[in-house]
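A.B. asks: Take a look at the letters that make up each chain.
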Amino acid sequence: MGIVIAVISGKGGVGKTTATANLGLGIALNGKKCVVVDFDIGQRNLDMILGLENRVVYDMVQVMDGEANLKQALIKSKVNSNLHFLAASQTKDKSVLDSKKVEKLISDLKEEFDFVLLDSPAGIESGFEHTIEFADAAIIIVNPEVSSIRDADRAIGILDSKSAKVKNGEEVLKWLVINRIVADMVESGEMLRSEDILEILDIKLIGKIPEDKGVIDASNQGKPVILDKKSIAGQAYARIAARLCGQKVDMKNVEISDAGLFKKIAGIFK
Amino acid sequence: MFSFFGFGKKKSASVAKDRLTIAIMSDRDRTNGYPFMDEMKAEIMEVVKRYVGVKGVEIRKEVDGDIEALAIEVELDKNAK
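As they're listed, the protein sequences go chains A and B. Read in the numbering used here, the first sequence has 59 at position 59, and its numbers run on one by one without any break. If you want the numbering used here, it's the position in the second sequence, counting the first as 1, plus 270.
No lab work stands behind these hints, which were simulated from the structure alone. Careful, some of the hints might be misleading.
DSS-like cross-link-like pairs, simulated, lysine-lysine; straight-line CA separation at most 27 Å [stated by the list, open to error]:
no., chain 1, residue 1, chain 2, residue 2
1, A, K167, B, K311
2, A, K264, B, K280
3, A, K252, B, K287
4, A, K165, B, K331
5, B, K281, A, K264
6, A, K165, B, K311
7, A, K252, A, K204
Please model the entire structure based on the sequences and the hints provided.
C.D. replies: Here it is as structure tokens:
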């Protein structure tokens, strides 16, 4: 029986879909069977990031409505056979989701896979609630920026009140990913430090991802950045994926620039 | 250099932290009221409806220092009987 992890954020555009694609592939690269599901109905995006947009035949709404079975709709990744993908529906509106159908789909996926990653729509609309309702855990993506952090807190609030696990008196696990950190801005005091963000949101950190131009280059090509061994964001995703798979990986300090590191080293010899 | 030119000026990240702390605290007070808010709303609506037409009921939890209060706002429906 697998674990269901919703990848959520308060605000859109913080890197949720990129994170879902990379963590899914990262988990697969660790030898675990993983499926990534695009829950952002009406705004299909995950297929592009994964480079699978031409292979979509059936989407998850068709599976839920019984128009296709799961086997037909699941798309196997070209890069790693442990990774599968289930597309969002683009044609039907968001109101098509209903709790019972979502629950059935998720429990079917749990049977098949070690990890079920759900790419949630942004914010606090009904699609968001469906994504978190049956999740065992949530990865919350924020940028070190005020509106993203404030909205994340609201999303966490909804998670804590609408999750089926919480309603049953259990705990839904919450892990924070801080995305798009610019080290020299943190050093100069122009960007929030991760400790500050953790203090404000009061949840556990699972990873910090530095700003990296390679991410756009990677999505241009439909090859998740984790495949680029030299990419600093890719390396950060690989560390988070390993942590999700139960490995102990030290938190790398991405909030220190090369210049800052040099100053520190120089300081030793003073 | 920054401390020379920006002497006495707070760095923007610490301004962000202060603003966020306050904004999030007030967000949490407002939205995380009580889990029974929706039910209570419906019941109040039911009671008031026996006497006069109701358009909607709004309940807010308000916190002011040590004092916590529920502000209940009932919007009447003029057109109803």
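A.B. asks: Determine for every hint whether it applies to the structure shown.
C.D. replies: Right, here's what the structure says about each hint:
Taking the CA atoms of K167/A and K311/B, the gap is about 20 Å. The hint holds against a cut of 27 Å. The hinted pair formed by K264/A and K280/B meets the criterion: a straight-line CA distance of about 24 Å does not exceed 27 Å. Taking the CA atoms of K252/A and K287/B, the gap is about 23 Å. The hint holds against a cut of 27 Å. Note on K165/A and K331/B: the hinted pairing holds, with a Cα-Cα distance of about 26 Å set against a maximum of 27 Å.
Taking the CA atoms of K281/B and K264/A, the gap is about 21 Å. The hint holds against a cut of 27 Å. The suggested pairing of K165/A with K311/B holds, with an alpha-carbon distance near 25 Å, which does not exceed 27 Å. For the given pair, K252/A sits about 15 Å from K204/A by alpha-carbon distance, which is consistent with the 27 Å threshold.
Going through the hint list in order, the structure satisfies each hint without exception.
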